[in-house]
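Student: Turn these sequences into a full structure, and let the hints guide you.
Read off the chains here:
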Amino acid sequence: MALASGSARLALARPGRLGLGSCGAPRRGAYEWGVRSTRKPEPPPPDRVYEIPGLEPITYAGKMHFMPGLARPVFPPWDPGWTPPKFRRLPPLHEHPLYKDQACYVFHQRCRLLEGVKQALWLTKTKLIEGLPEKVLSLADDPRNHIENQDECVLNVIFHARLWHSTEDIPKRETYCPVIVDSLIQLCKSQILKHPSLARRICAQNNMLSTTWNRGSTLIQVHGSSGAQLNAKDPLPPIASREEVEATKNHVLETFYPISPTVGLQECNVYDVNDDTGFREGYPYPYPHTLYLLESANLRPHRFQPDQLRAKMILFAFGNALAQARLLYGNDTKVLEQPVVVQSVGTDGRVFQFLVLQLNTTDLASDEGVKNLVWLDSDQLLYAHFWCLPVVRRKAVVEPVGPTGFQPETFRKFLALYLHGAV
Amino acid sequence: MAAARCWRLVLRVPGLSLHTAAGAAVTAPEVTGPDVAAAPVARYPPLVASLTADSKAARQRRVERWQATVHAAKSVDEKLRILTKMQFMKYIVYPQTFALNADRWYQSFTKTVFLSGLPPPPPAKPDTEPAPALDVAALRAAACDCLLQEHFFLRRKKRVPLYLEREAIASPFLDQLVASLTGLLSARNPALAAAALDCKRPVHFYWLRGEEIIPRGHRKGRVDALRYQINDKPHNQIRISKQLPEFVPLDYSVPVEVPVMNCKPDKLPLFKRQYENTIFIGTKTADPHCYGHTQFHLLPDKLKRERLLKQNCANQIEVVFRANAIASLFAWTGAQAMYQGFWSEADVTRPFVSQGVITDGKYFSFFCYQLNTLALTAQADQNNPRKNICWGTQTTIYAMKWMDKRSNKNPRVRSKSSENEMPDVEYCHVRNKVNSSKKNTGNQFCPSPALQSLHERTSLGHDVDERYTYGLESANDGILLKNLPLQA
Numbered sequence: 001m002a003l004a005s006g007s008a009r010l011a012l013a014r015p016g017r018l019g020l021g022s023c024g025a026p027r028r029g030a031y032e033w034g035v036r037s038t039r040k041p042e043p044p045p046p047d048r049v050y051e052i053p054g055l056e057p058i059t060y061a062g063k064m065h066f067m068p069g070l071a072r073p074v075f076p077p078w079d080p081g082w083t084p085p086k087f088r089r090l091p092p093l094h095e096h097p098l099y100k101d102q103a104c105y106v107f108h109q110r111c112r113l114l115e116g117v118k119q120a121l122w123l124t125k126t127k128l129i130e131g132l133p134e135k136v137l138s139l140a141d142d143p144r145n146h147i148e149n150q151d152e153c154v155l156n157v158i159f160h161a162r163l164w165h166s167t168e169d170i171p172k173r174e175t176y177c178p179v180i181v182d183s184l185i186q187l188c189k190s191q192i193l194k195h196p197s198l199a200r201r202i203c204a205q206n207n208m209l210s211t212t213w214n215r216g217s218t219l220i221q222v223h224g225s226s227g228a229q230l231n232a233k234d235p236l237p238p239i240a241s242r243e244e245v246e247a248t249k250n251h252v253l254e255t256f257y258p259i260s261p262t263v264g265l266q267e268c269n270v271y272d273v274n275d276d277t278g279f280r281e282g283y284p285y286p287y288p289h290t291l292y293l294l295e296s297a298n299l300r301p302h303r304f305q306p307d308q309l310r311a312k313m314i315l316f317a318f319g320n321a322l323a324q325a326r327l328l329y330g331n332d333t334k335v336l337e338q339p340v341v342v343q344s345v346g347t348d349g350r351v352f353q354f355l356v357l358q359l360n361t362t363d364l365a366s367d368e369g370v371k372n373l374v375w376l377d378s379d380q381l382l383y384a385h386f387w388c389l390p391v392v393r394r395k396a397v398v399e400p401v402g403p404t405g406f407q408p409e410t411f412r413k414f415l416a417l418y419l420h421g422a423v
Numbered sequence: 001m002a003a004a005r006c007w008r009l010v011l012r013v014p015g016l017s018l019h020t021a022a023g024a025a026v027t028a029p030e031v032t033g034p035d036v037a038a039a040p041v042a043r044y045p046p047l048v049a050s051l052t053a054d055s056k057a058a059r060q061r062r063v064e065r066w067q068a069t070v071h072a073a074k075s076v077d078e079k080l081r082i083l084t085k086m087q088f089m090k091y092i093v094y095p096q097t098f099a100l101n102a103d104r105w106y107q108s109f110t111k112t113v114f115l116s117g118l119p120p121p122p123p124a125k126p127d128t129e130p131a132p133a134l135d136v137a138a139l140r141a142a143a144c145d146c147l148l149q150e151h152f153f154l155r156r157k158k159r160v161p162l163y164l165e166r167e168a169i170a171s172p173f174l175d176q177l178v179a180s181l182t183g184l185l186s187a188r189n190p191a192l193a194a195a196a197l198d199c200k201r202p203v204h205f206y207w208l209r210g211e212e213i214i215p216r217g218h219r220k221g222r223v224d225a226l227r228y229q230i231n232d233k234p235h236n237q238i239r240i241s242k243q244l245p246e247f248v249p250l251d252y253s254v255p256v257e258v259p260v261m262n263c264k265p266d267k268l269p270l271f272k273r274q275y276e277n278t279i280f281i282g283t284k285t286a287d288p289h290c291y292g293h294t295q296f297h298l299l300p301d302k303l304k305r306e307r308l309l310k311q312n313c314a315n316q317i318e319v320v321f322r323a324n325a326i327a328s329l330f331a332w333t334g335a336q337a338m339y340q341g342f343w344s345e346a347d348v349t350r351p352f353v354s355q356g357v358i359t360d361g362k363y364f365s366f367f368c369y370q371l372n373t374l375a376l377t378a379q380a381d382q383n384n385p386r387k388n389i390c391w392g393t394q395t396t397i398y399a400m401k402w403m404d405k406r407s408n409k410n411p412r413v414r415s416k417s418s419e420n421e422m423p424d425v426e427y428c429h430v431r432n433k434v435n436s437s438k439k440n441t442g443n444q445f446c447p448s449p450a451l452q453s454l455h456e457r458t459s460l461g462h463d464v465d466e467r468y469t470y471g472l473e474s475a476n477d478g479i480l481l482k483n484l485p486l487q488a
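Protein chains in written order, with our numbering: chain A, 1 to 423; chain B, 1 to 488.
Any given hint could turn out to be false.
EDC-like cross-link-like pairs, simulated, lysine to aspartate or glutamate; straight-line CA separation at most 16 Å [claimed, not checked]:
1) B:K158 to A:D272
2) A:K233 to B:D145
3) B:K157 to A:D275
4) A:K118 to A:E134
5) B:K387 to B:E212
6) B:K272 to B:E318
7) B:K200 to A:E174
8) A:K172 to A:D348
9) B:K157 to A:D276
10) B:K85 to B:E276
11) B:K157 to A:D272
12) B:K284 to A:D272
13) B:K284 to A:E168
14) A:K100 to A:D367
15) B:K267 to B:E212
16) A:K334 to A:D307
17) B:K362 to B:E318
18) B:K302 to B:E167
19) B:K90 to B:E212
20) B:K387 to B:D347
21) B:K264 to B:D347
22) B:K304 to B:E165
23) B:K56 to B:D251
24) B:K90 to B:D266
25) A:K194 to A:E148
26) B:K158 to A:D276
27) B:K200 to B:E167
I should point out that these hints are in silico values taken from the structure, not numbers from a laboratory.
Tutor: Written out as structure tokens, the structure is:
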């Protein structure tokens, strides 16, 4: 009796249940019942011989074929010994080896923080400074660093990305966003003739970053890949002097009560506390230089808002800097002698956000003490709009094909961020 | 008056009515004798075949009228539009194909001659200063870093399964390799610094070659041109704004013949479809970077060596590389030529040159292509002695097997010169199994003639041990360095 399975077992246990219920329909739920077309035929009921207690029925199992007169054998349910990956169920979370009682709030690449930059600053104990640092801006304005025919080249890049690179009339953002960033980086790389130390860099993608830190009593983790990342053999020099770093002690982090600082983060009980830069030890390019975050979804609701993108840039740059600092200086929380600097550029193909983050301290549990610094240049348009087809009104071309509102300043900042550390 | 009378008699040809002759006679101006003898003005419309009749002459006239519209087109876009707007059934040619002996078929489709080895180096000009020495060690280090980063150092989310290895590891490795080598070599070749780098951008080409008799249908028995279309997606390509100089002169007669296939292309197998005819080099015509430099192709898993060996097609390994190179580079150079306004009736006046590197992640082979003629249609090819030329090398292995991927030791990519520690990745130059029976181990090796000639060409004077270790780099650099506009 215990050998019967599935519906036969239910039929035996509740002999009346297979029959029609009160309203004429079977009493099992849809999940249990299944779609009729996919249900396997039910096995035939066992012979009446099995109901006689104390008797061992003689079956045709040994003969390996049907024999009239002998009972039908009932076999134990077969256990294949393994489950195909398609049907494997994950063990319950409590049994996972990495399960911990304390919840961790994880920031991954699709997390949208409700309070945006303010929340990111609180989570990373950072002070915001609007605009890029003078050191970087001086690189932008220095005419020696300019590429010849820079504006013409950048306009060609915009044309190529927005119009020329595809056979379609109007290419989509999913294609033109990575093309424009790659072309701008290629344009910046052409400066390798003037600055040979630009060769000491490499681009990497899909590296999994993971860092964890305590903020008060909450455990926060940054986990995931941030897209393309430029790594360098030499670290970036610190930007703010020691006095400026000491001056941040007086800064008070902005809170946003009643919103909890962990809103928007994913609460997770299964996590790994160990840091991971995304690269094994011995990697010849150990220092992260710039992160390039692209928002290239075609539909606007799928893309991050500029504020959310800036928050993501801050958190990923901070995660990289913290992992690097712990690798260099150990896991104990302290104020860093040599601050770690990481840059980030975020874009959706038209609007650029530039960020330079300087990690001054790994003591993030308390709200007092030295804070980290971030210089943020937001909403830099490379061009206002791009007409892929000419606008014709009353047989006169009102707007020719091309970008409107081109701002060369944005590319100068992009180039400056690229050249920072190598000039 | 006698002249006039003769003139009237001459006009009465059969087929022409009196009315028209008289009309023409009336309209033609009365001129004196000497003037008529000096400049014969046409007094009647030229005698041409009908436009609408169901005759060969009429068809010829219609074709010529169409060709005249192409010649008269003002812009390249308009010309391409007229050439490609009519859609008919055409053969789709796939550069990366499993078909047996596809390279000979593709040579016949594209009128290409295949020469093994790389083209002869350009003669060194005596007045220009010699180029700075090639920093092979730096190039080798950069290439090793790219390889190690993708295969070892980068920690990915999940361990990549075998069937995804090519797209998850070999593809970013090739991207990185191209980017870093281009950056490092731009010091020697300023054109590379200003070049445009495309990643997985399509390349399309449409052309006509040969004729067939239509076997069935409402047009059965009539002569129809064979149309071909290539829709290629090279993994990377470098485009420059100035054309690469030619390898050999435009009318250079190659002693090798273009293979002639006696069957219809359907036997390859090649299938027909009707869809948009596109001609595209990777950008539209307005881009200033309209000349090609090098293409990089990554072969799919379907065509990998192990699979071909399991199917007993060991001699098809090279064929796969060659077919890919011929088809892709012909399509690219042909499209570049069409972007400059040339087409089958207006043949190229200067050769179009491009290079290609085909790889499957481990084995590399290098190709150079020179397009000398676009006149491949039956009408234009009647008296055309020019042939397109493709030079190519044998496949060369880049790096041998990994010893232990998961070891915590840092793998060091070393040359074979020091053999104290167990190497994790060894460079080894192994010739194609088909061509050499003995396996090359240790310090014994025989570099292929292509690499040897390359070595001599780069003339670095390294000793024998190191020759193979930079096999790829020098070959790759050799190609990337090629045609540096030293004079510019």
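Student: All hints are to be evaluated individually against the structure, with a verdict given for each.
Tutor: Hints versus structure:
1. B:K158 to A:D272: 15 Å, holds
2. A:K233 to B:D145: 12 Å, holds
3. B:K157 to A:D275: 14 Å, holds
4. A:K118 to A:E134: 23 Å, violated
5. B:K387 to B:E212: Violated. K387 of chain B to E212 of chain B sits at ~22 Å, over the 16 Å cutoff.
6. B:K272 to B:E318: Between K272 of chain B and E318 of chain B the Cα gap is close to 26 Å, so the pair fails against 16 Å, i.e. violated.
7. B:K200 to A:E174: 14 Å, holds
8. A:K172 to A:D348: Between K172 of chain A and D348 of chain A the Cα gap is close to 12 Å, so the pair holds against 16 Å.
9. B:K157 to A:D276: Between K157 of chain B and D276 of chain A the Cα gap is close to 11 Å, so the pair holds against 16 Å.
10. B:K85 to B:E276: 8 Å, holds
11. B:K157 to A:D272: Satisfied, since the Cα-Cα distance of roughly 13 Å is no more than 16 Å.
12. B:K284 to A:D272: 49 Å, violated
13. B:K284 to A:E168: OK: K284 of chain B and E168 of chain A at ~10 Å, within 16 Å.
14. A:K100 to A:D367: Cα-Cα ~26 Å, so violated.
15. B:K267 to B:E212: 14 Å, holds
16. A:K334 to A:D307: 30 Å, violated
17. B:K362 to B:E318: 14 Å, holds
18. B:K302 to B:E167: 13 Å, holds
19. B:K90 to B:E212: With a Cα-Cα distance of about 12 Å, the restraint between K90 of chain B and E212 of chain B holds, given a limit of 16 Å.
20. B:K387 to B:D347: Satisfied, since the Cα-Cα distance of roughly 12 Å is no more than 16 Å.
21. B:K264 to B:D347: 26 Å, violated
22. B:K304 to B:E165: This hinted pair holds, its Cα atoms lying about 12 Å apart.
23. B:K56 to B:D251: The hint is violated at about 33 Å.
24. B:K90 to B:D266: 11 Å, holds
25. A:K194 to A:E148: Judged against 16 Å, a Cα distance of about 12 Å means the pair holds.
26. B:K158 to A:D276: 14 Å, holds
27. B:K200 to B:E167: 12 Å, holds
The structure fails hints 4, 5, 6, 12, 14, 16, 21, 23 (numbered hints given earlier, in ascending order).
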